[in-house]
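**Q** The primary structure of each chain is shown beneath.
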Amino acid sequence: MKNLSISNHVRTLRFHQGEMTQKDLAQKVGVSRQTIVAIEKGQYSPTLELCFKLAIVFETTIDEIFTVDAIDGKKWKKPENEE
Amino acid sequence: MSYQEKKSVTNIVSSILITGVYTLIMYQKYLSGSLDDSNIFKFWAIILLIFIPISIVARIIIMIFFHILEAIVQTAKGNEFDDQLEVEDERDKLIGMKASRVSMISFFLFFILAFITQLFNVSNHLFFITLILGGFLTDLISEILTIRYYRKGV
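These protein sequence lines map, in sequence, to chains D and C. Quick note: this note's numbering has the first sequence finishing at residue 83, numbered continuously throughout. Quick note: this note's numbering has the second sequence finishing at residue 237, numbered continuously throughout.
I should point out that these hints are in silico values taken from the structure, not numbers from a laboratory. For every residue, glycine included, the Cβ atom is placed at its ideal position computed from N, Cα and C. There could be a bad hint or two in this list.
[Unchecked claim] Straight line, CA to CA, 25 Å or less: simulated SDA-like cross-link-like pairs of lysine to any residue:
1) D:Lys23 / C:Leu177
2) C:Lys90 / D:Glu40
3) D:Lys78 / D:Glu59
4) C:Lys235 / D:Ala26
5) C:Lys89 / D:Ser45
6) C:Lys235 / D:Glu59
7) D:Lys53 / C:Asp175
8) C:Lys235 / D:Lys78
9) C:Lys90 / C:Phe149
10) D:Lys41 / C:Glu171
11) D:Lys2 / C:Arg231
12) C:Lys181 / D:Gln43
13) C:Lys90 / D:Gly30
14) C:Lys181 / D:Asn3
15) C:Lys90 / C:Lys235
16) D:Lys2 / D:Ile62
17) C:Lys235 / D:Asp24
18) D:Lys23 / C:Phe149
19) C:Lys235 / D:Asp69
20) C:Lys112 / C:Leu214
21) C:Lys235 / D:Gln43
22) C:Lys89 / D:Asp24
23) D:Lys23 / C:Lys89
24) C:Lys235 / D:Asn8
[To be verified] DEER-style ranges, computed between Cβ atoms:
25) D:Met1 / C:Gly161: 45 to 53 Å
26) D:Met1 / C:Ile147: 44 to 52 Å
27) C:Leu131 / D:Lys75: 56 to 64 Å
28) D:Gln43 / C:Asp120: 49 to 57 Å
29) D:Met20 / C:Phe191: 40 to 48 Å
30) D:Lys78 / C:Thr158: 45 to 53 Å
31) C:Ile147 / D:Asp24: 56 to 64 Å
32) D:Gly42 / C:Asp120: 30 to 38 Å
33) D:Lys75 / C:Arg231: 28 to 36 Å
34) C:Tyr105 / D:Gln43: 31 to 39 Å
The shape of chain D in the complex, shown without the other chains (with noise of 0.2 Å):
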């Protein structure tokens, strides 16, 4: 398992909270404005401490917010939870 294509819902988040702005999200997560801009571009990856910022500003879990979608280059699917 060397790449992780990792993508992520911040700018949907973003829209279903009221259209807040990457400057609201910015300073409530304690990041600057360019930090969110490159998550939702997917430039940069957060630290774990980051992501549960998030998602507790969304109010939602981080698999909510970031999903694998490839693993090395081949489609990833979240497993169904088996209980």
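Add chain C to chain D, keeping to what the hints say.
**A** Then chain C, alone, in the frame of chain D:
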């Protein structure tokens, strides 16, 4: 171009400007015989010990001008300049660490190269010139990498 990228570009320009002007001045002094190079270590010690404070002060002045200019431009555009002066976050730190790692390796290579020059029948001045050139290029490499990381991502 983001604030961080502009800052790196300013650092590159100031580095080239300060080093270039200082080199020219010192070279003229050397040609005119104002600098005594009978003792190579003393000669280079004088050059470097004068350069360090001049470089620091000049960089501070250039950065002050950069911030004033940036504040004027951003205010004219209707943006709040304070927004850009955010505290360094995790991405900035990561980019800084990645750039400094490469620059450390780069300087180490120049350091080795400086010693290699002494294996050949060349002037001892070349040792110091290689070291200073290494420091200068390492600074440029670090800033260029910083811009690249900000643009392409880390």
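**Q** Need the status of pair Lys53 of chain D, Asp175 of chain C: alpha-carbon distance at most 25 Å?
**A** holds (18 Å)
**Q** Quick one, are Lys89 of chain C and Asp24 of chain D close enough, alpha carbons at most 25 Å?
**A** Roughly 23 Å separates the two Cα atoms, so the pair holds.
**Q** Straight-line Cα separation of Lys235 of chain C and Lys78 of chain D no greater than 25 Å?
**A** Since the Cα atoms of Lys235 of chain C and Lys78 of chain D sit roughly 28 Å apart, the hinted pair is violated (cutoff 25 Å).
**Q** Tell me if the straight-line CA distance from Lys90 of chain C to Phe149 of chain C falls inside 25 Å.
**A** Given pair Lys90 of chain C, Phe149 of chain C holds - Cα atoms ~8 Å apart, limit 25 Å.
**Q** Lys2 of chain D and Arg231 of chain C were given as a pair; does the straight-line alpha-carbon distance stay at or below 25 Å?
**A** holds (23 Å)
**Q** Hey, Lys235 of chain C versus Asp69 of chain D, does the alpha-carbon distance stay inside 25 Å?
**A** holds (20 Å)
**Q** Between the beta carbons of Tyr105 of chain C and Gln43 of chain D, is the distance compatible with 31 to 39 Å?
**A** Since Tyr105 of chain C and Gln43 of chain D have Cβ atoms about 37 Å apart, the given range 31 to 39 Å holds.
**Q** Assuming the hint says 49 to 57 Å, is it satisfied by the Cβ distance from Gln43 of chain D to Asp120 of chain C or not?
**A** Holds: the Cβ-Cβ distance is about 50 Å, inside 49 to 57 Å.
**Q** Please verify whether Lys23 of chain D and Leu177 of chain C have alpha carbons no more than 25 Å apart.
**A** holds (21 Å)
**Q** Is the straight-line distance between the alpha-carbon of Lys235 of chain C and that of Ala26 of chain D 25 Å or less?
**A** Answer holds: Lys235 of chain C to Ala26 of chain D is near 20 Å, not above 25 Å.
**Q** When you check the alpha-carbon spacing of Lys90 of chain C and Glu40 of chain D, does it fall within 25 Å?
**A** holds (23 Å)
**Q** Would the pair Lys2 of chain D and Ile62 of chain D pass a check requiring their Cα atoms to be no farther apart than 25 Å?
**A** holds (21 Å)
The structure does not agree with the numbered hints 6, 8, 31 and 32 stated previously, though it agrees with the rest.
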